[in-house]
Structure formats: C-alpha cells, structure tokens
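Residue numbers (the numbering used here), protein chains in the order written: chain C, 1 to 641; chain F, 1 to 251.
Check before you lean on any hint, since a few could be wrong.
[Claimed, not checked] Ranges of calculated distance between the beta carbons of each label pair, as one might list FRET restraints: (1) F/ASN213 x C/ARG26: 51 to 59 Å; (2) F/ASP93 x C/PRO532: 37 to 45 Å; (3) F/ALA95 x C/ILE472: 50 to 58 Å; (4) F/HIS148 x C/ASP513: 33 to 41 Å; (5) C/GLY595 x F/GLU194: 24 to 32 Å.
[What the hints assert, rightly or not] Footprint (simulated), chain F over chain C, 3 or more residues, beta carbon under 8 Å: (6) 450 to 458; (7) 522 to 535.
[Unchecked claim] DSS-like cross-link-like pairs, simulated, lysine-lysine; straight-line CA separation at most 30 Å: (8) C/LYS301 x C/LYS8; (9) C/LYS86 x F/LYS92; (10) C/LYS22 x C/LYS186; (11) C/LYS385 x C/LYS8; (12) C/LYS385 x F/LYS4; (13) C/LYS385 x F/LYS92; (14) C/LYS322 x C/LYS8; (15) C/LYS8 x C/LYS104; (16) C/LYS322 x C/LYS301; (17) F/LYS92 x C/LYS490; (18) C/LYS35 x C/LYS22; (19) C/LYS255 x C/LYS35.
Note that these hints are calculated values from the structure, not bench results.
Since we're looking at a predicted model, the values are computed, not measured.
Note that beta-carbon positions come from the ideal geometry of N, C-alpha and C, so glycine has one too.
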Amino acid sequence: MIGELEAKVPAGPLETKWSGYKDHARLVSPANRRKLEVIVVGSGLAGGSAAATLGEQGYHVKCFCFQDSPRRAHSIAAQGGINAAKNYQNDGDSVFRLFYDTIKGGDFRSREANVYRLAEVSNLIIDQCVEQGVPFAREYGGLLANRSFGGAQVSRTFYARGQTGQQLLLGAYQSLCRQIDVGTVKMYSRTEMLDVVLVEGHAKGIITRDLTSGEIEVHAADAVVLATGGYGNVFYLSTNARGSNVTATYRAYKKGALFGNPCFTQIHPTCIPVSGQHQSKLTLMSESLRNDGRVWVPKTKGEQRSPAAIPEAERDYYLERKYPSYGNLAPRDISSRSAKEACDEGRGVGPGGRGVYLDFADAIARLGEPTIRERYGNLFDIYEKITGEDAYQQPMRIYPAVHYTMGGLWVDYNLMSNVPGLHVIGEANFSDHGANRLGASALMQGLADGYFVLPYTLPTYLAGQIGKRPSIDHPAFREAETDVRARIAKMIEVNGTRTVDSFHRELGLLMWDRCGMARNTAGLREALGRIPALREEFWRNVRIPGHGAEYNQSLERAGRVADYLEFAELMCIDALERDESCGGHFREEHQTPEGEALRNDEKFAAVFAWEFQGNGTIEPPRLHREPLHFESVELTQRSYK
Amino acid sequence: MNFKLRVWRQEASEAKGRLVNYYATDVSPHTSFLEMLDIVNERLVEKGEDPIAFESDCREGICGTCSLTINGEAHGPDHPGAACQLYMRRFKDGATITVEPFRARPFRLVRDLVVSRSALDRIVQAGGFVSARSGSAPEANSIPVPKHDADLAMEAAACIGCGACAAACPNASAMLFTSAKVSHLALLPQGNAERTARVLRMVGQMDAEGFGNCTNTYECEAVCPAEISASFIAKLNREYALATLRKKSGM
Numbered sequence: 001m002i003g004e005l006e007a008k009v010p011a012g013p014l015e016t017k018w019s020g021y022k023d024h025a026r027l028v029s030p031a032n033r034r035k036l037e038v039i040v041v042g043s044g045l046a047g048g049s050a051a052a053t054l055g056e057q058g059y060h061v062k063c064f065c066f067q068d069s070p071r072r073a074h075s076i077a078a079q080g081g082i083n084a085a086k087n088y089q090n091d092g093d094s095v096f097r098l099f100y101d102t103i104k105g106g107d108f109r110s111r112e113a114n115v116y117r118l119a120e121v122s123n124l125i126i127d128q129c130v131e132q133g134v135p136f137a138r139e140y141g142g143l144l145a146n147r148s149f150g151g152a153q154v155s156r157t158f159y160a161r162g163q164t165g166q167q168l169l170l171g172a173y174q175s176l177c178r179q180i181d182v183g184t185v186k187m188y189s190r191t192e193m194l195d196v197v198l199v200e201g202h203a204k205g206i207i208t209r210d211l212t213s214g215e216i217e218v219h220a221a222d223a224v225v226l227a228t229g230g231y232g233n234v235f236y237l238s239t240n241a242r243g244s245n246v247t248a249t250y251r252a253y254k255k256g257a258l259f260g261n262p263c264f265t266q267i268h269p270t271c272i273p274v275s276g277q278h279q280s281k282l283t284l285m286s287e288s289l290r291n292d293g294r295v296w297v298p299k300t301k302g303e304q305r306s307p308a309a310i311p312e313a314e315r316d317y318y319l320e321r322k323y324p325s326y327g328n329l330a331p332r333d334i335s336s337r338s339a340k341e342a343c344d345e346g347r348g349v350g351p352g353g354r355g356v357y358l359d360f361a362d363a364i365a366r367l368g369e370p371t372i373r374e375r376y377g378n379l380f381d382i383y384e385k386i387t388g389e390d391a392y393q394q395p396m397r398i399y400p401a402v403h404y405t406m407g408g409l410w411v412d413y414n415l416m417s418n419v420p421g422l423h424v425i426g427e428a429n430f431s432d433h434g435a436n437r438l439g440a441s442a443l444m445q446g447l448a449d450g451y452f453v454l455p456y457t458l459p460t461y462l463a464g465q466i467g468k469r470p471s472i473d474h475p476a477f478r479e480a481e482t483d484v485r486a487r488i489a490k491m492i493e494v495n496g497t498r499t500v501d502s503f504h505r506e507l508g509l510l511m512w513d514r515c516g517m518a519r520n521t522a523g524l525r526e527a528l529g530r531i532p533a534l535r536e537e538f539w540r541n542v543r544i545p546g547h548g549a550e551y552n553q554s555l556e557r558a559g560r561v562a563d564y565l566e567f568a569e570l571m572c573i574d575a576l577e578r579d580e581s582c583g584g585h586f587r588e589e590h591q592t593p594e595g596e597a598l599r600n601d602e603k604f605a606a607v608f609a610w611e612f613q614g615n616g617t618i619e620p621p622r623l624h625r626e627p628l629h630f631e632s633v634e635l636t637q638r639s640y641k
Numbered sequence: 001m002n003f004k005l006r007v008w009r010q011e012a013s014e015a016k017g018r019l020v021n022y023y024a025t026d027v028s029p030h031t032s033f034l035e036m037l038d039i040v041n042e043r044l045v046e047k048g049e050d051p052i053a054f055e056s057d058c059r060e061g062i063c064g065t066c067s068l069t070i071n072g073e074a075h076g077p078d079h080p081g082a083a084c085q086l087y088m089r090r091f092k093d094g095a096t097i098t099v100e101p102f103r104a105r106p107f108r109l110v111r112d113l114v115v116s117r118s119a120l121d122r123i124v125q126a127g128g129f130v131s132a133r134s135g136s137a138p139e140a141n142s143i144p145v146p147k148h149d150a151d152l153a154m155e156a157a158a159c160i161g162c163g164a165c166a167a168a169c170p171n172a173s174a175m176l177f178t179s180a181k182v183s184h185l186a187l188l189p190q191g192n193a194e195r196t197a198r199v200l201r202m203v204g205q206m207d208a209e210g211f212g213n214c215t216n217t218y219e220c221e222a223v224c225p226a227e228i229s230a231s232f233i234a235k236l237n238r239e240y241a242l243a244t245l246r247k248k249s250g251m
C-alpha cells in the first residue's frame, strides 16, 4: 500500500534548493564506492552519461542495451539542438528564464523544483560536452554559436549541424568507452531487461535475456537505474526507432513503481506523411523548416488539382490566419492540432487526405533557391529520398507524428521512484516537461540527469546500502527468473496464425485514432473496450516462429508488443481521468471558444501516478495524485495569437 | 512492383550459409528496402517459415544499425545513404536483388544478415575519447576553436559507425572508421593532450581485431553513408607516423 506521494523537494527558496541539497547530501567514501554495484539499463544520453559518470566516481557499473552497440541508442536521432542558459548572445537569457519557458511550455504540469534544477545545470552540460570534443557549431571568432527554437524569445540552443543528438551521444558513448577500458563499467550489448527484482521492497537486480543466445541471466546490484527512453511506439508509427519500447518501465510498473502521466505524448507537426500500409516508421523533418515554409491546404474539400494549379485565393494559410503573431511558428501541439483539423474537414492533401502543404515557393522567390538549398538542403534531400518528390519544385507534404513521451515512471526529487533503489532518468521518467516538451529540451534533460543530477542523488540512497547486496541465490531472483521463462514459453506455445506486427499495427491505429492528437470520452471508452479484446487475441493467436534459445527477432518484438497491449490501456485510463486539456493532451470537451487547450488548474494541477493492481479492466490501476505547487510562477493561459 | 530476392540465410555463427530465393510481389515503389523485407517476412511467418533476420533501428540513416550488402554494394546502390534510406523505386521492376550481410573477418555473423560489430566498439575503447571526467570541464567558451577546425572535426565526427567501410574494402580495413575518430579528436584542442597515445592504441587495436590495411581502393569512401572523406586516412597515417616518432624519441 502506497501512502501520500512524497516528492522530497528540499526546503528553502527555489534558487538555493539544489545547492543546499548538494551541501548536505549523504556521501559514499571512495573505499565504499568500490564495494557498490549499480545497474544502468539503457545507454542513450541519460543512461550512457550516468554509467560513465558513476564509473568515474568509482562504483562498479553494469550497463545494458538491446542494441548491438551503446552508440546506437535512439538519442542519436535527435536533430535540432540542446538548450542552455549561457546567455552567450547577450540577449537577456538567464537560468530563471530557461526555467520559466520550460515550465510554461509544459503548460504548468511539471514540478517547479526539478525544472529549476534542470535549468541550473544546463550550463555545465555545455562545458562538459565541449571538453569531450563535441563539435558544436562555432562562429568565425571561434566561440560557440546559437540558434533560436520554438517557445523562447532568446537564442539559447547549441547545435552540431542537424545531428546534435548524434554528437552528444557519441560524447557520452566515448566517456562510457573510457570507463569500459579502465574496467569500472561492464557493458552488456544486445541484452534486454525483462524484469526488475525486488528484495525486501528494494530494487536489487534485474533479469535479462541475451538476444544473441537467448539465455536468461540474473544480475544483482545495490541499486538499479532505468534509462530506457519513451514509449511512442505504442502508436506503432512514430518517429522513434523500431526497437524503442516500454518493456523496462512497464515491468517496473508491474513490480510496484508508479507510472506518471502516461497520457502525455508529444505529436510533432512536421513529419513526412504516411504513404502506405506497410510503412514501418515516420521521419521527422526539422521544425526549422517552418522558419521559411508556409503551411496551407486548399479552401475547398476534396480538391483534386495539383498544388501549382490552385490559385492563391483558393488556398487557406490556416496558421497565419489563426495565429497572426506567431503564424507558421506556432508551438508544436497547436500546429499539430490545426493540421489534423484541416484534414478532418476533408481539406487534407496527398494519399488518403492526411497531409498539408509546407510551401517554399515564396521563400525561394524572395531569397533564391541557393539560399534555401544552403539552409535546408539536407532536409530537402531526405524528403526527396523518401517521397521521390522535389520540394524545390512543388510544396512538401507534411503531417504530425508521435515523437516523444513526457509521461514515464514517477520519481521524486532524487530521481528515485517510489520503489527504494529504483531510479529512473531521461525520457523514461515523467518529470521535467509537463504536458508538452519544448524543442531542444530532451537532450538537456537526458544529460542533466546522467552527468549532474543522479551522480549526486544516487549516493544518498547507496550510503545506507553498504553490504546489503543480496546474492543471486535469493528466492526473489529465482522467482523473477521463473516468471520470465514462463512468459516466453507461453508466448511461443500460442503458435497461432497472426504475426506480431499485425497486432502492433492494429493497436497503433486504434491508439492514434482514439488517444492521439485529440481525445474525447466516447473515443477513449471505445479504445478501453477494444484493447482487452485485442490483447486476448494476441495471447490466443500470435505466431512466433522458432524458439527462445536463439537469436529470435519475432520473440523480441512479441515481448514488447505484449507490454504495449497492456500499457495502452493505462494510457487511455489516464487520458480519460485527466478531464481537462493541457499541452499535448487535448480533450475535445475542454477547449476555449477559439479551440485552444483549456486547463483546469483547480482540479488537475497535479501529477497522476498510477499503481498497478492487476491487468487492465479486471482490476483498474489505483490513482495517486501529487499536487503541483507553484511558488515562483503564475499560472497563465498560453496564448500565441 | 515485383522482385526476385537472393538472400543469405545462415542459422547461426557456426552454421553453413547459403543464398535462398524469395519473391517480393506487389510492392509499392514508395516502400523502403527494409519495409520490402518486412513484407517478405510477414508472408514467411504466415506460411510458418522462419523470417529473414536483419537489423535496423532508427530507419533514417543515423544509428548505423542496418548492415546489408545489396547487389554487392554495402548499403546498396543509393549513395550516400544507409540501407534503411533506400527505396524500391530505385530498382527496375522484375529485378533480381542479392542481399548479403556486411562481410569482414572481424564482423562475426550472428544470424542471416545480422553481424556483430563489437570490434568497432573496442577500437573506440582503446583511446577514442577525451579523458574529461564529468564536472571537471572549464567554461565552454574559454578555448576558442577556429571555425574551420570545428567544421572539419564535425565532418569526421559524422561517422555513424555502421562498418560499411570495412565491408566494402577488399582488405576489410577499418581505417576510414578509425581515421574519422582520430581526426575528429586531433583537430580539436581538447583532444590534443592524448593525441599520441590515442592514435597508437587505436591503430594497435584495429590490427589486433584482424582488420586489414589500406591500399587506396577508395571503396570505403564510395559507400560511406556519412560521406567521410578518405583524406582522413591520410591524416591518420600522418598522426600515426608522428606519434611513432614522438614515442621513439621519448617525447
């Protein structure tokens, strides 16, 4: 039974909470660090940086990733940049401003103290990455360059071409490699975590499957850190990598960790539209395109003419019309919803009518093709590769796609879940982005957690754990291992007629339609009726060729899809319970007369943290609320008119 | 569109492999190459056969996971780009397409088209980093870096670590891969302190893994999805020669 949620935010003014915490936090002596083992699951920006830093501090670290190398974690695909409050542009930026923009962008659904700490350590991240050799863009004088990004009036984004995530991840990966070289970190690639092991209520180990041999293995440690990313692939189609999954966090949830705000997902407005039923993933086109492209759809429904044949007077530049001051640069959630609205009205373009034009004709006329090529050439090339269309000659077609999940396992100020010893960092936790994440903030949070927060907060737990690491012979390990083996065997034994992907695709479509960009009571209830039936069919009719003791990709996917089939229900329950609109969570019942998200701060200024009770509707999860108190900011209605 | 595929099938590392024929029918030209393989696999599973094992993750050319040799070319015909960025409209309707794994002696085959490239990780572990402990860094703007150097370092750092260079090279050389990391860090002041030790160790590890040497065939550059220039190999050779001299003279 879980009592009142205790966020453990230090007392005192916002500005000194973190420094005060560090001054008084419990430490572990170097001699004792050598006796402690930490498991880090995931090797992206959060996991890679945490594993490297903890190794540097002298702990024994075991780091796990399902990819064939830690360098391939999905952080690598982030394009745009990383925010920091350096104020190198002398344009009025400060830690407070970064904090404020982040909390406002999140539509006031994140914890003040965490977000302030994030803004505070942002500057250290840039220092650290530069020292590692991250080749950030520079000005001619040799100093670091910045660009501006959505939701801010200052230029605070550091970038490395359109490959910032790649370069930051390689920085963390190289630090990780250094620790592997000196022997403080042992790396387990192509190894998937399938369960977390609790001993006397504390997270003390994990069960893994070696994806090459199929062997089930048991690992004990003094603490477990999950850095396993987001769950955007519950929608099947998303900009996430194919392997990104909810399994680690969902398994932890089933062992008692609370899941925070699972319905908070971010839909990115500028992605290449779906082209056919066999499409396997969606590709993001950097938001920066909206600086020069104009978004439009035909004014009339069912328009059949080519875009060039549609005269100016018969086009609807809907973002410019609805948001005259921000125009094509309206925030992500608002742009996405407007595109959906236009398509729902039957004015969408391209196959299936699920697309809008992003037109560069005016920009090319104004600036010339060479300038546009210089600014966006690589993006136009990607577009051409995927669609076969030349965006210099005809408008791009874009449509929103799932991109990031703000929800995740609930953590306190120490980044520890309600399960002692189980820490959660990066996209896997629920914390800092509230109901909508600003651009260039995901990289910041992943690295903040891994380099500069967890290495201070984890010792406060470990200090009390010296000598308490259980042996893997403890019955809890045997029990968890038996469960994992039984589940795999059960899945293979089904030997039905449908492929794993066909279930995933059906679930994804349902979630996109009913729990996607816009949600309502009837749709969510319908989804809640259909998910259990699909899950039941999965366990009766899925076909997984081969066996468990080999390299078996169907089995890997089946395990992940089985978890999505349960997790999807939790998302819908959360979306139904949060009877307000905020950020990326748009409940159609709650909108302003202009169709904007309408918050209800009185009832919903809180984190919803769900406790597992039993599968789905048989025993619905139990809701815990962490009320959000705002002492330093005033809650306002976002307006981008 | 319709295609005849000749696909390398091999159950495990030690098993004997062979090319097996499959037919991909009724494929949209807008399907990616990997999605075409997905379709073939769905049909195989429905028929009760083992699907073709192949790896991919981001499917947008940045993670470096996909590792297919298509019609004898690492990543296939659409350069520069990874196999995941290849679309079926690039092929003629009715074409026969041969699909094999990345082949290089240090890449152990896992299954079918999946190989292990941990040898590349071990090369980076042998010094492919700057020893900068978290929290120890000076203020980021305290060391200006000329834009030209930073841009060139970025060009080298863009390597996605896929291993196509070694798979395409007749000598299975990983010199393009190694030179990219050596150059990236040698071009920046932050990488300078460990410059000598780094290049010696990384090259030593590269040799120990069983990668061959460069004989200037430029196949690596031709297939590199990140367009890493072979001129970095020249830089690697220079760095290595200087480091050897420095070491000999005890500098």
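Take the C-alpha atoms of C/LYS385 and F/LYS92, compute the straight-line distance between them, and say whether it is at most 30 Å. holds, 16 Å
Is the straight-line distance between the alpha-carbon of C/LYS22 and that of C/LYS186 30 Å or less? Judged against 30 Å, a Cα distance of about 28 Å means the pair holds.
Verify the proposed pairing of C/LYS385 with C/LYS8, using a straight-line Cα cut of 30 Å. violated, 50 Å
Take the C-beta atom of F/ALA95 and the C-beta atom of C/ILE472, compute their distance, and say whether it sits inside 50 to 58 Å. Because 53 Å falls inside the window, the suggested range holds.
State, for the Cβ atoms of C/GLY595 and F/GLU194, whether the hinted interval 24 to 32 Å holds or is violated. Violated: the Cβ-Cβ distance is about 57 Å, outside 24 to 32 Å.
Within 30 Å, alpha carbon to alpha carbon, are F/LYS92 and C/LYS490? Between F/LYS92 and C/LYS490 the Cα gap is close to 44 Å, so the pair fails against 30 Å, i.e. violated.
Is the hinted range of 33 to 41 Å satisfied by the C-beta distance from F/HIS148 to C/ASP513? Cβ of F/HIS148 to Cβ of C/ASP513: about 51 Å, so the range 33 to 41 Å is violated.
Pairwise hint evaluation, F/LYS4 against C/LYS385, where the allowed Cα distance is 30 Å at most: holds, 23 Å
Mind checking the alpha carbons of C/LYS8 and C/LYS104 for me, to see if they're no more than 30 Å apart? Satisfied, since the Cα-Cα distance of roughly 23 Å is no more than 30 Å.
With a Cβ-Cβ cutoff of 8 Å, does the region 450 to 458 of chain C contain at least three residues near chain F? holds (count 3)
Could you grab the alpha-carbon distance between C/LYS35 and C/LYS22 and see if it respects the 30 Å cut-off? holds, 23 Å
Restraint status (C-alpha distance of C/LYS86 to F/LYS92 at most 30 Å): This hinted pair is violated, its Cα atoms lying about 53 Å apart.
Of the numbered hints listed earlier, those contradicted by the structure are 4, 5, 7, 8, 9, 11, 14, 17.
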